[in-house]
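With these hints in hand, go ahead and build the complete structure from the sequences.
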Amino acid sequence: MKKIAYLGLGIMGRGMAANLLKAGYPVTVWNRTADRCAPLVAQGAAQAQSVAEAVAGADVVMYCLSDDKAVDALVFGEAGVLAGVKAGQIVIDMTTIHPDTTRKEAAAYAAKGVKFLDAPVFGSKNEAANGGLWIVAGGERDLFDEVKPILEVLSETTHYMGGTAMGSSMKLVGNLVVAAQLEALGEALVMATKAGLNPEDVLGVLHVTDFKSPIFDGVGGALIERDFSTHFALKLMLKDANLISRFAQDLNVPLPASAATREVIKAAVNKGWGEENASAFIKQIEELAGVVVKKG
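Residues are numbered in the numbering used here as their position in the sequence shown, beginning at 1, plus a constant of 1.
Keep in mind the hints are simulated off the structure, nothing from the lab. Hints are not guaranteed to be accurate.
[Said to hold, decoys possible] Straight-line alpha carbon distances no greater than 27 Å define the calculated DSSO-like cross-link-like pairs of lysine-lysine that follow:
{"hint": "1", "residue 1": "K70", "residue 2": "K87"}
{"hint": "2", "residue 1": "K236", "residue 2": "K296"}
{"hint": "3", "residue 1": "K149", "residue 2": "K105"}
{"hint": "4", "residue 1": "K213", "residue 2": "K126"}
{"hint": "5", "residue 1": "K126", "residue 2": "K236"}
{"hint": "6", "residue 1": "K236", "residue 2": "K4"}
{"hint": "7", "residue 1": "K3", "residue 2": "K113"}
{"hint": "8", "residue 1": "K149", "residue 2": "K3"}
{"hint": "9", "residue 1": "K195", "residue 2": "K296"}
{"hint": "10", "residue 1": "K272", "residue 2": "K126"}
{"hint": "11", "residue 1": "K105", "residue 2": "K195"}
{"hint": "12", "residue 1": "K272", "residue 2": "K105"}
{"hint": "13", "residue 1": "K296", "residue 2": "K126"}
{"hint": "14", "residue 1": "K23", "residue 2": "K195"}
{"hint": "15", "residue 1": "K126", "residue 2": "K23"}
{"hint": "16", "residue 1": "K213", "residue 2": "K295"}
[Stated by the list, open to error] Pair ranges (Cβ atoms, derived):
{"hint": "17", "residue 1": "A196", "residue 2": "A47", "range": "52 to 62 Å"}
{"hint": "18", "residue 1": "V254", "residue 2": "T231", "range": "27 to 37 Å"}
{"hint": "19", "residue 1": "K113", "residue 2": "H208", "range": "47 to 57 Å"}
{"hint": "20", "residue 1": "K113", "residue 2": "A43", "range": "12 to 22 Å"}
{"hint": "21", "residue 1": "K296", "residue 2": "D146", "range": "13 to 23 Å"}
Even glycine gets a Cβ: it sits at the ideal position worked out from N, Cα and C.
What follows is the structure, given as structure tokens:
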């Protein structure tokens, strides 16, 4: 089996590294805050004290970080991934980033003879922990086929989207849809509540109609319970909304509805809800409507 170095052990990275271990892959882990490695070491991972140590001897180097800035620091920084990898190794970036950052990575790795795949994921904490992510990949088809068994350990489905940065592009397209669905759910439940409808009854209808959505099912119940525990932080949703806006500008694509949603997300982050779950921005819609929602 291929030896894997997994770098970055946030909510997503921890789950993915654990599933690789369960599947029997030899995994070396590294994280800037070293004590986050301890649970994975207890499950059989080796812990590296530096990026260079982690990537040395690895067949595949993987990482899923918070944003473009974090990727830039890990890859291009002093003693970063680029400094340590050698020709013939494979690097898989699973971060949600701008396609330009992906292309920058790909060019730098190619100059060293390193194979590169952009493979960001849909899903959050539970899907990462349970191996139920949905992965969209860009790069050489042969490389995707080679690493597909690894990706399948982490995912419910894997999708080859085309050449370099097509995975990153698809991830932004998908996140646009996620934000739009959350906005629609928030507006619908606020209007329903103000009209005197029972939100549980509303969700019962949304669950069975032809416009049903797993997002409505998952987030709707949590909203009724006022549960905003973090599976995917609101501050990261704002990061993604800003990436989508920038990507749309690059392509000269008008996104009027997404622009309005981004403003709501911004306002919610400014209220101090950035560390809460992404669904917390619906509280901003409630405030705008003058709706006070109690648990249950």
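Hint check against the structure, violated hint numbers in rising order: 6, 11, 12, 14, 20 and 21
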